[in-house]
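Visitor: Got chain A; can you put chain B on it based on the hints?
Line by line, the protein sequences are chains A and B. The opening residue of the first sequence carries number 1 in our numbering; numbering runs sequentially from there. The opening residue of the second sequence carries number 1001 in our numbering; numbering runs sequentially from there.
These aren't lab readings, by the way, just hints derived from the structure by calculation. Mixed in with the good hints, there may be bad ones.
[What the hints assert, rightly or not] Derived lysine-lysine pairs resembling DSS-like cross-links, with alpha carbons at most 30 Å apart: (1) A:K83 to B:K1003; (2) A:K56 to B:K1003; (3) B:K1316 to B:K1328; (4) B:K1641 to B:K1681; (5) A:K56 to A:K90; (6) A:K75 to A:K56; (7) A:K77 to B:K1163; (8) B:K1328 to A:K90; (9) B:K1328 to B:K1163; (10) A:K90 to A:K77.
Each chain, written out:
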Amino acid sequence: MGDKTDVWQGTLSLMVLRTLETMGAQHGYGLARRIEQTSGDLLQLNYGTLYPALLKLEQEGFIRSNWGTSENNRKAKFYELTKAGHRQLKRAAAEWEQTTNILARFLTPAEES
Amino acid sequence: MRKLRALILRLRGMINSRGSEADFAAEIESHVALHTEDGIRAGLTRAEARRQALIRLGGAEQTRQAHRNRRTLPVLESLLRDHSYAFRTLSKHPGATAIAILSIGLGIGANATIFSMVSRFVLRPAPMGDPTRLLALHTTHEGDRCCNPFSLPQYNDLRDHAKSFSGVAAYYELIPASISGYGDPERVWGQGVTSNFFSVTELPMQLGWGFVQGEESAPVVVLGSALWHRRFNADPQIVGKPVVLSGHTYTVVGVVSPAFHGADQILYTEFWVPMGNLAQLVPNLPDQASLEFHWVEVLARLAPGVTRTQAAAELKTMASRFALSNPKTDNNSRIVFEQAGSLPSNIHANVVLFFSALSIVVLLVLFIAGANVANLLLAQAASRQRDMAVRLALGATRARLRRQMLMESLLLGLCGGLMGVLLSLWATAVLSSSRLPAPVPLDVQIGIDWRVLLYSLALSVVSGLLLGVAPAWAASRPMLANALKGEDALARPGRRISLRNLLVVAQVAMSVVLLCVTGLFLRSLQSAASINIGFRPQNVLIASIDPRVHGYTAERTAQFLTLLRRQVAALPGVESAVITDVAPLSDGNRSDVFSVLGHAAKDSSSANSDLYMVTPGYFEALGIPRVAGRDFGGESLNGPKTAIVNRAFVDGVFGGENPIGRQVTGGGATYQIIGVAANTKSRSLGEETRPILYRFLDQSIASDPSLMGYTLVIHATGDPSTVQDAVRRHIHALDSTMAIYNEETMEQHVRTAYFLPRLAATLFGTFGFIGLVLASVGLYGVMSYSVSRRAREIGIRMALGAKPGSVERLVLRQGMVLTLIAVALGWPAAWMLAKTASSFLYGIQPHDTLTFALVPPFLAVLALAACYIPARRAAQIEPMQALRTE
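Chain A on its own, in the form it takes in the complex:
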């Protein structure tokens, strides 16, 4: 598929939570599409890998699911964030930011001089 990068399970969860926060309730296909877009098409995942990740988030109580209808009157399963999901998103995002900050110090020593 070219030089697009692979995605970890954990970062995928973070992306899903963030997307749901900004987009509101969305179905699996829409979510996958949106994630692709947000990454600037740098990410290309098999849409199928989203579903086990969604199930995990649902089992852990960060999102909930409901059958509903899409814009074109199609039946689809919609996912939305729970309160716990909001908290988890904030927490995970902060951790990620801290990690990248620390790593940045190591990876830019040229700044010293």
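Guide: Chain B alone, transformed into the frame defined by chain A:
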């Protein structure tokens, strides 16, 4: 928390699988549909759009599988699948499975039974509050064997001044009493305790509240639970009611919890009274202020925050201070302690040794059983190679196959464990009901408690897993191509030593050890049975009464006994009736050091001899030969005391010279010797011959009465149990409240004395037998299997001209070589182990020639028999048949 929630949901997901599948299928379908629509909008055809959608999805089947793995717990699912597969496989071979479960069951049952004894006597804490902080104190003298009780003044000193303890209580160990009212008078045993006993031990009460602090002499009593149930029908209003003990009235103030029978867990006591009442219940009680008599046991509870080391240091100081202020009596004495309720330290070592020996033996039995089952499983694994090969070819991993085999053997182990627990339930019930040869009441109930169950579970799991290792490894190694062709993929040509043969050699070696141990104990029993006890137990009845606890004075007791003697002797069917204090082989009663009158005990010979009170005719009644002098009779009651001694006494005190007419002193009295009797056993079967002095009962009953009651010895013309009722009636006619106890025929009494050698012989004999059967079966199995695997080879040999006889010899030789190696290994091991058993054997040496000489040939013959049948089968193989079959 999140993870737990997820886990629970995944477990639930396993249950409602089908509904969730359909739900997800719909979701996937809607996903593809949405994607298809987008594709159509972008200009693709419907078919092309759908194709693109499916490609981007990444494969519907994979997605479904990934989702499913997340929805359920795949690990658990495959474990359950393995389990049901194992179950099905085992049910297909019911015979082999039954044998396997039985073997393991026997092994684990034996282990569980022995462990329940260990749990009861070594591990179980006393049923008192927080037993780890309760200590039992003892005094001991330098150079003496441990352990002695305390004198009352020293206890008072501890109670008043020891800072490490929140409370120090004392008790007098054993009081016999007769309880009357509410039925036939019954003999019960109790303890005299200080008023703080129940609060120091933190004993929970079923009813009532125990003793109040400070009321050391109140006429109150606390009952044991069994007594309360048995005699008072568990009357809930019992508190406050009066109870008559040995003629004195006490008010019930409490009933203890059912598990408590006394602080030391071995004695079985049923009532507790404050110590001030002891003078009423125990005659000849030592002067309470005396420093010489050590007669109270002491319990102390550690104060909060105090460690044992600190307490030990304080006790050391207090002991030396006490020794300094009382140099005459307490010089060089120390105080030692152990946790309350543990075995007394003087028998602790022996008991632990006994249990260790037993535990090793039963572990051997388990190993032999396990080896059998392992061989069985190996045989099965070999015949399932094709099955395994097919599954490997279809994509199963070897790890998966191994897991499955382990699951099978684990299942066998667990079923065997269950059977073992059931067997041990039966065995412990049988053991609990046995009577021990002791004059005091002992609590020897054993049962299956949680410790035993845990131990059995652990053994089952470990056995199951260990058993499975060999077959699992074997099952995962077949070379695919050969196995599919039906050949024996496990046999590697040129390999002489196979795992199966190793196992069999180990089994047989262990059987050698077991058999030698069994042989030793059987010989010990035989030797015990042929011990000459010195008297004739046939046709003799004994029954004991204790007039003292009924408040009889010495005079009244003497009158009672004389009257009773005369009346019973006159009964039809009775040859003679005599009275003694304690019957022989009852673990003894009194002993004193005797020496010739006029010589101090140190310079001339003296002997520590047992003391018995008897009436005229005693020796004839028991068939003890009198070898010199005369019997009692005709002496005046207040005249010089007379005594008859046994041969050992004569040798010990007089050096073998004629003692008749001479005088000896001991135990505070002087006796003139009027006769000599043959030696008999005095206290127990295994003892060395003891010197015995028999004194005339009528002369001593006033000055030195028996503290354990008196025993009527009745020599009947026929079966002694026929006169039992008549004797009871006569006793009760004289006094209807007199409690009668230890009623039995002398033969029964002597049988009880054989309890220990019988127990050892039974236990080790049973285990030896089981081990032997299992090993023989194992040997037979291996030989049989070997013949069937080599059928083709044998067929070829016979086709090439070998005679049936030589084929037989071939198989037999193979089997006997294995046996010989096993015996060569096992015999030296047994020789070395036998040393440790020497303290349990009666009258035979641990390296008993007969046993060690007989066992190898016996085993060889058995092995020959076990190999014979497969050898015959080998000889009967039709060469053509063998060559044709696969």
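Visitor: Where does the structure disagree with the numbered hints, that is, which hint numbers, in rising order?
Guide: Going through the list in order, the structure violates hints 7 and 8 and respects the others.
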